[in-house]
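S.K.: Spelled out, the chains give:
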Amino acid sequence: MVSNQGKWPRHESVISIFLFAVLFLIGLVIISAQFDFRKNAVPAVAGPEDIHELISGISPAGFKAISEIEEYNADNLYEKIDGKAPYYTETGFVKLFTRWLVSESDENLMFEFYVFDMGLFANAFCVYSTQKRPDAQVLPAFNPDFGYRTENAVFFVHGKYYVELVGSAVSGELLAAQKDFAGKFRDGLPDEKTGMPEFSIFVGENLVAGSIKLYLSAGLGFDGFDNTLTAVYKIDDKETTVFVSRRVSQQQAKELVEKYYEFLIDVGGKNKELDLPIEGAKAVDFYGPTEIVFHKGNFVAGIHEAEDEAAAVKAAVLLNDILEKANHDEQGQ
Amino acid sequence: MNKANDNNLTRRQFVARVVKAGASVAAAGIVAGLALDKEGPSAQAQADMVTLPDFSVPAQDGKIISIVKGADRERGVNKAIELLGGIERFIKPDDTVVIKPNVAFASIPALGATANPQLIAEVVRLCYARGRARRVYVTDNPINDPASCFAISGIAKAVEQAGGILLLPKDSSFKTTTLAGGRLINNWPVLYEPLAKADKLIGIAPVKDHSRAMASMSMKNWYGLLGGRRNVFHQDINTIIAELAMLVKPTLVILDGTEVMMTNGPTGGSFSDLKRKDTIIASCDQVAADAFGSTLLGLRPDSLPYLAKAQAGGAGTTDYMSLKPLMADII
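Respectively, the protein sequence lines represent chains L and F.
In terms of numbering that gives the first Met the number 0, the first sequence opens at residue 0 and continues consecutively.
In terms of numbering that gives the first Met the number 0, the second sequence opens at residue 0 and continues consecutively.
Hints listed in this document are in silico derivations from the structure and should not be mistaken for laboratory results.
You may find that some hints are simply not true.
Unchecked claim - Negatives, chain F to chain L, calculated, CB over 12 Å: (1) A70; (2) E73; (3) L82; (4) D93; (5) L167; (6) T175; (7) L183; (8) N185; (9) W187; (10) E192; (11) R299; (12) D318; (13) M326; (14) A327.
To be verified - So, partial list: chain L residues that the calculated Cβ filter (under 7 Å) puts toward chain F: (15) Y77; (16) K79; (17) P85; (18) D134; (19) N151; (20) E163.
Cβ atoms here follow ideal geometry from the backbone N, Cα and C, with glycine treated the same way.
Looking at chain F on its own, in the form it has when it is part of the complex (with noise of 0.2 Å):
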């Protein structure tokens, strides 16, 4: 009888039971709602959301995209500019630019991983001299160490040279953003305080192989612009690169293809990783730029996705050819 009654459970047992498991319930529903934030994001953290300035210039049907070929980089971009109207077209009196080289590691300029100095050099000459701006920054955001990043690539000392201002990030240079229609850039921190001060934006790029992307260029560079763990992105290269020219809107990019990493890139690391291509591309369209650019590495556009990507979502053209490239030669 005993056993029978054991096997049982009496009312009164069932009862305080329900009324346990009730009041666990109760208490989690309790805790729950304690912890739930009924506002959603702060107005602080809207307030820290940032849209990114639109640095483009006025289109000029024909001036577009400039390719030059020669040895000569100082010379060869000083010519694709004028090509495209001058330095005056697109930096005014008293403007203040940006200029954002690829600066992504701590090598030297021979080994073609950064943009190189001397480049970047000559375009800050040129706004100032020609485009009459009132100041000149660069700025990149190599996670490894920025200041060892612009020392040992050159870039640091050739832009005190010219006069530039080097601007390494800090942790208040960022704030975030979100891309509209965007699914990577999100929320994320980017570099915002030297593009809040400035008119004007000039990307300034090497053309690499990249292990992941197939090829690193205009469009490639504005990852210095990301905070964060970026390297997240990494699984989805090509939508973040696409997503990146939506949300950047240069003034004008420059990239440089006078010697072209053609294998083990981004970092390369042996000279023979480089081959000689004499080219500068400047242009105020960085998907048209990146699609020559990829000839340079043997590639047709349409083998990078991040093109036909960025071309769908409006930040410019595969098909340079169709905006009748200027083209000089000064070798």
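Isolated chain L, as found in the complex (with noise of 0.2 Å):
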């Protein structure tokens, strides 16, 4: 409204202005609230420069540092693993350290580090357990499922950081360096939470020690299986695979049962009729192995490409058993 005169009326001057203190107000509030809001969220463990100090000052025995320590984010990661920087960027990555530590006794022996900070453990879990070598060895100290050494380097997840020490040799001296470096990480970082609770899902005697990995995404090449974990248990001395994926309803489950089984057809498996005692189990013949999907309360559970078809049956029986208990447990508290 205006005047006759073209002037806005003194009143209607001093309520936009009004407003617009109450707008600066609530924007200072929120920005208020934001810093609180991060304060409070981020964890107790190190940050990106406790991190730096931390990895700085961790000098093997007989070894020394030869460069600086390089850091990468997601914008310029491609520059230090290119091609394979993708995955990482994809799956959480926030930086990258690297640095290279040489034996002061021989100049080829040598290691370099790269610690990946992923934001998360269970993206740190994913980027290490889906790229475990097959060789990987005990790494003494360490869990099996959360770290592991082959001929020359040393692997390890330890919260959300992911680590790999990638030496130059197969030499006992640089092993030793590597396994010093890897176990002063891990003690100088105590509060780093390193797994999950599904993992308390993949228990007995006949899991392979180890074997846990976790698909944030496309699990089993299928797209609807995101946050999926598998591991290999041994069944009359087979390995076989199962896999578990926790939906947020029982319904959800069951619906993705029915997309998985769908897949599978689509893709070339034929329908298998199997004596299974779970209810709403379902089989298929993928050209040769065995594949079995099913749920139980929320979870999506199964068999993936199984060689034995009577190792495949009784490891979904045990499965059907272990997350039987777990739903009643759950339950129950």
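Once you've looked at the hints, go ahead and assemble the two chains, each given alone in its own frame, into the complex.
M.R.: The following block contains the structure:
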């Protein structure tokens, strides 16, 4: 509204200023709240400065750093690992720290550490477990699901960090230094939480130690399987891969069973009639190997590419029993 | 009465507002007009645009691709080139040769993430000794500190010992190019300076698993010629590899399948990522070389979309058997 003279009435100007002031105050409150939220949301674990301090201080006996610590973020990770960068950035990558360490007595013995801050344990475990080498050997003092070594390298996950210690040779001296680094790194971050509640599903003497893997998306090649865990069980001397994926409701779990079954049939699998004592379970002959899928409560579960049908059935029954107990325990809580 | 008047504009007020709005539009138009580049790209920018030379040599039926089995890379590459007619077929006296190995990472040679230094050195020696080349340059554009990548991979030392000349990329080494009919390589910087002074171009690459492209071989090796923020092309990796194969017409490619990175590529990290396949391929047809190379990774050529795209673009054939590969065994 304007007066005949084209001027805004005084009382409207006052109201406008008041409204702007209110909006400005609301903005201030929101900014303040965001800062509080961030402060409260950051877990009490090492931030980038702490981790930098920690890794710059780790000096395995007989080894010295020969380069500065290099840092990479999501924008320039490709400069260091090129074609592998998208896998990390799509899995929650935050920062990478790298550095070369060399033996003081033999310049041919060196290793480069890659400390990936993946933001969350689940992200770190996903990239760790899905790249795990088949020749993985036990890394002493580490849970076999969270650390291993190969001839020349050591790999482990600790909290939100995935760490690679890539060595130049097969050497006892080098391996000792790598183990030393791994232990000091882990001990330097005592508050990092390593593990997920779902890991407790995979139990029993038949479980192959260190076989748990986590797929945050497209597990088993199926788009519907996000947050899917797999593990290997040894039954009747046959290794069988089982999988579990938790849904938000029983109905969603039931629907996902149907979708996965349809997916397997669509890509060439054949329905298989098996005498399975599991309600609603479906089996598919997938070009020879057997696939089984069922749901128990909110869990979708099954057997993946089992070469031995009898072992697949036994593993499915075992998994069904475990999930029944897990559901029972959850309901009881 | 006043309230009614307040709710309605007078004619004078309306005209004033229209004039003000018109003036605003006109002002915006003037500003836009001043900012308009009526000339388009400058003559200088056009002059900086380059076309990569064609380094290929005349085809000889039955001598397009050779595959040599054996554990010794140096003997293997000698035999593979000999089967195609010898290095003299490819390198003429006084030629300037550029060798483009895959030096993507500051990674030790034993991890197999970069081209093998001894293999590169042997090709440098061949170019000088048998091809009587005037100069042999070795270059690549690893984004992460090229000097470190060449040093740690062992390539710098091997090239120097063989008499080759290492060319590390500088800002001035790059010129922009466009692939005619291409979708991604459009006004994009490439490592042109070394190529501008070359008569021949040889690519040397290891066979590797690649988390994005499934396989990294001869064609993917040209990725190292790209400048700029080339990681954007990872979103369409098959197209960029195919376009690179259409853009770069090498004299020869050498594909090293002696120790193949079967998993966790392209960086690897564990010796167990490698598997001995004891194979060296030399080829005038990079698509055929990679089609065969894919089999060393346990893949079928038709599982790599970029091979079909490159073939469709005229860069070569995926049907390497139709070229009747020359085979030899030096075990």
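S.K.: A separate judgement is required for each hint: does it hold in the structure or not?
M.R.: Each hint, compared with the structure:
no., hint, verdict
1, A70, "holds, 19 Å"
2, E73, "holds, 22 Å"
3, L82, "holds, 32 Å"
4, D93, "holds, 36 Å"
5, L167, "holds, 16 Å"
6, T175, "holds, 21 Å"
7, L183, "holds, 16 Å"
8, N185, "holds, 20 Å"
9, W187, "holds, 16 Å"
10, E192, "holds, 21 Å"
11, R299, "holds, 15 Å"
12, D318, "holds, 26 Å"
13, M326, "holds, 31 Å"
14, A327, "holds, 32 Å"
15, Y77, "holds, 4 Å"
16, K79, "holds, 5 Å"
17, P85, "holds, 5 Å"
18, D134, "holds, 4 Å"
19, N151, "holds, 5 Å"
20, E163, "holds, 6 Å"
Against the hints set out earlier in the document, no violation occurs for any number.
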